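*Asks:* Model the full structure from these sequences, guided by the hints.
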Amino acid sequence: MDEQQQHSSFDELDARIRAAREREAEKTSDGPGRRAASSGIGLGMRLSVEFVAGVAVGVGLGYVLDRLLGTTPWLMVLFLLLGGAAGVMNAYRAARGMDATVGLGAAQRRLAERQKDK
Amino acid sequence: MANPIEQFKIKPIIPLEVGGVDISFTNSAVMMVIAVVLVTAFLTLSVRSRALVPGRWQSMAEVFYEFIAGMLRENVGSAGRKYFPFIFTLFMFVLTGNLLGMVPGAFTYTSHVIVTFGMAIVVFIGVTIIGFARHGTHFLRMFFPEGAPIATAVILVPIEVISYFSRPFSLAVRLFANMTVGHIILKVLGGFVVALGVFGVVPFAFLGAVTVLEFGIAMLQAYVFTILSCIYLHDAIHMH
Chain A
42 MDEQQQHSSF DELDARIRAA REREAEKTSD GPGRRAASSG IGLGMRLSVE
92 FVAGVAVGVG LGYVLDRLLG TTPWLMVLFL LLGGAAGVMN AYRAARGMDA
142 TVGLGAAQRR LAERQKDK
Chain B
128 MANPIEQFKI KPIIPLEVGG VDISFTNSAV MMVIAVVLVT AFLTLSVRSR
178 ALVPGRWQSM AEVFYEFIAG MLRENVGSAG RKYFPFIFTL FMFVLTGNLL
228 GMVPGAFTYT SHVIVTFGMA IVVFIGVTII GFARHGTHFL RMFFPEGAPI
278 ATAVILVPIE VISYFSRPFS LAVRLFANMT VGHIILKVLG GFVVALGVFG
328 VVPFAFLGAV TVLEFGIAML QAYVFTILSC IYLHDAIHMH
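These protein sequence lines map, in sequence, to chains A and B. Residues in the first sequence are numbered from 42 upward in steps of one, following this note's numbering. Residues in the second sequence are numbered from 128 upward in steps of one, following this note's numbering.
Keep in mind that the hints were calculated from the coordinates and are not lab data. All values derive from a computational prediction rather than experimental measurement. Please note: incorrect hints may appear among the correct ones.
[Said to hold, decoys possible] Each pair of labels, with its calculated beta carbon distance range: (1) B:Glu189 / A:Ala56: 25 to 31 Å; (2) A:Ala136 / B:Asn130: 16 to 22 Å; (3) B:Gly253 / A:Asp55: 38 to 44 Å; (4) B:Lys209 / A:Asp158: 47 to 53 Å; (5) A:Asp52 / B:Tyr192: 27 to 33 Å; (6) A:Gly83 / B:Arg175: 48 to 54 Å; (7) B:Phe213 / A:Ile58: 30 to 36 Å; (8) B:His265 / A:Gly138: 26 to 32 Å; (9) A:Gly83 / B:Arg208: 28 to 34 Å; (10) B:Ala233 / A:Asp158: 24 to 30 Å; (11) B:Lys136 / A:Arg59: 43 to 49 Å; (12) B:Arg208 / A:Arg137: 28 to 34 Å; (13) B:Val308 / A:Ala136: 45 to 51 Å.
[Claimed, not checked] Far from chain A, by Cβ distances over 12 Å, these chain B residues were calculated: (14) Ala156; (15) Val166; (16) Leu170; (17) Ser176; (18) Met187; (19) Val230; (20) Ile252; (21) Pro272; (22) Arg294; (23) Ser297; (24) Ala299; (25) Arg301; (26) Val329; (27) Phe333; (28) Leu340; (29) Val351.
[Claimed, not checked] Here are a few chain B residues that face chain A, going by a calculated C-beta distance under 10 Å: (30) His262; (31) His265; (32) Leu283; (33) Ile286; (34) Val288; (35) Ile289; (36) Val300; (37) Ile311; (38) Leu347; (39) His365; (40) Met366.
The beta-carbon is built from N, C-alpha and C at its ideal position, and this holds for glycine as well.
*Replies:* Here you go:
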């Protein structure tokens with residue numbers, strides 16, 4: 042093999058490596074949180090934890106705010122309801138396979154984009 | 128039948144008390160030290176030769192490195208590189224804790240909610256600080272969902288804020304619940320094997336299958352904990 046040939050085969054290899062890298066980068070650049078499908082019990086546990094965490098944090102926040110502002114028990118009641126809403130939202134997002142970033146609107150848009158790509 | 132909850136009992140090994148606060152060195156702490164020593168030894172010894180063509184141990188260490196580096200690249204982007212040491216440490220600590228718990232008779236430190244919550248709250252506070260440091264008060268903009276009418280902000284912003292604050296809880300409870308439930312199931316099945324005598328082969332076969340499943344869950348939960356940390360980091364760095 043003379044030098045000319047060797048050069049061209051290296052160039053070719055280089056081009057192939059670069060093309061493979063670009064394909065890889067395209068494949069992996071569709072935003073955060075693509076989650077692998079898990080088992081049924083895993084999903085059930087995940088949804089219940091999401092919901093309960095929302096309610097618990099709502100009640101906790103309401104309780105602390107009530108203690109600070111002396112408005113017992115009104116803020117706790119309000120935040121219980123808001124916490125329930127947050128819990129339902131979290132569970133809904135998890136069930137629909139949306140990513141776990143902040144903001145329902147953005148997550149919905151990304152999910153729609155991902156499904157359009159497929 | 129053996130008490131299935133007893134395995135989670137914290138036992139002080141070196142009793143210690145400073146200023147009325149019990150800071151005893153417990154069986155949980157022993158396992159954490161073992162995990163840290165194991166991970167450190169594994170990573171430092173395996174890459175000691177610094178071979179260009181990795182040997183068996185070195186390629187194992189490189190698999191872990193590549194896995195977490197890839198996870199960060201996919202979920203956070205190149206800006207996440209800086210946080211690699213933290214995410215890698217977190218993953219190795221949780222993974223080793225989960226897997227050490229599968230050693231018969233060993234204590235699983237990830238089966239205590241305070242341990243997982245401690246890690247989750249560090250991630251949560253760290254991510255919030257990074258978000259405010261990078262974006263200032265503009266970071267708060269993220270709590271108003273895009274595409275919604277401005278009048279709905281009164282109700283939507285508190286919901287998104289509560290959802291944000293529920294993150295460390297769901298992160299901590301998920302890992303803790305998976306580990307605790309798995310170990311209780313194993314213990315209860317083990318109790319059946321002893322109690323049923325000859326017919327114990329039935330739960331024993333089942334026990335084998337569940338043990339394999341538990342190894343899977345141990346690795347999967349370490350992965351989930353780490354990838355969620357990555358996603359939270361993505362929020363703080365990019366705000367979409």
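*Asks:* Would you say the C-beta atoms of Val308 (chain B) and Ala136 (chain A) sit inside 45 to 51 Å of each other?
*Replies:* Hint violated: Cβ distance 21 Å, outside 45 to 51 Å.
*Asks:* If I claimed the Cβ atoms of Ala136 (chain A) and Asn130 (chain B) lie 16 to 22 Å apart, would that claim hold in this structure?
*Replies:* Because 36 Å falls outside the window, the suggested range is violated.
*Asks:* Beyond 12 Å from every chain A Cβ: check whether that's true for Val329 (chain B).
*Replies:* 21 Å, holds
*Asks:* Restraint: Met366 (chain B) near chain A, CB-CB cut 10 Å. Satisfied or not?
*Replies:* 8 Å, holds
*Asks:* Can we trust that Phe333 (chain B) is non-interface, i.e. its beta-carbon lies farther than 12 Å from all of chain A?
*Replies:* 15 Å, holds
*Asks:* May I ask you to check that Val166 (chain B) keeps its beta-carbon over 12 Å from the closest beta-carbon of chain A?
*Replies:* It holds; Val166 (chain B) is separated from chain A by about 24 Å at its closest Cβ, greater than 12 Å.
*Asks:* Return the status of the interface hint for Ile286 (chain B): holds when the least beta-carbon distance to chain A is below 10 Å, violated otherwise.
*Replies:* 5 Å, holds
*Asks:* Taking the closest pair, is the beta carbon of Met187 (chain B) still more than 12 Å from chain A?
*Replies:* Consistent with the label, Met187 (chain B) stays out of reach of chain A, its closest Cβ about 22 Å off (over 12 Å).
*Asks:* Against chain A, is Ile311 (chain B) within 10 Å by beta-carbon distance?
*Replies:* This interface hint is violated because 14 Å lies over the 10 Å limit.
*Asks:* I want to verify a distance hint. Is the separation of the beta carbons of Ala233 (chain B) and Asp158 (chain A) within 24 to 30 Å?
*Replies:* 45 Å, violated
*Asks:* Measuring from the C-beta of His265 (chain B) to each C-beta in chain A, is the shortest one below 10 Å?
*Replies:* 13 Å, violated
*Asks:* Find the nearest Cβ of chain A to the Cβ of Arg294 (chain B) and say whether that gap is larger than 12 Å.
*Replies:* Its Cβ does come within 12 Å of chain A, the nearest being 8 Å, so this is violated.
Hints 2, 4, 6, 10, 11, 13, 21, 22, 23, 24, 25, 28, 29, 30, 31 and 37, counting from the list given before, are not met by this structure.
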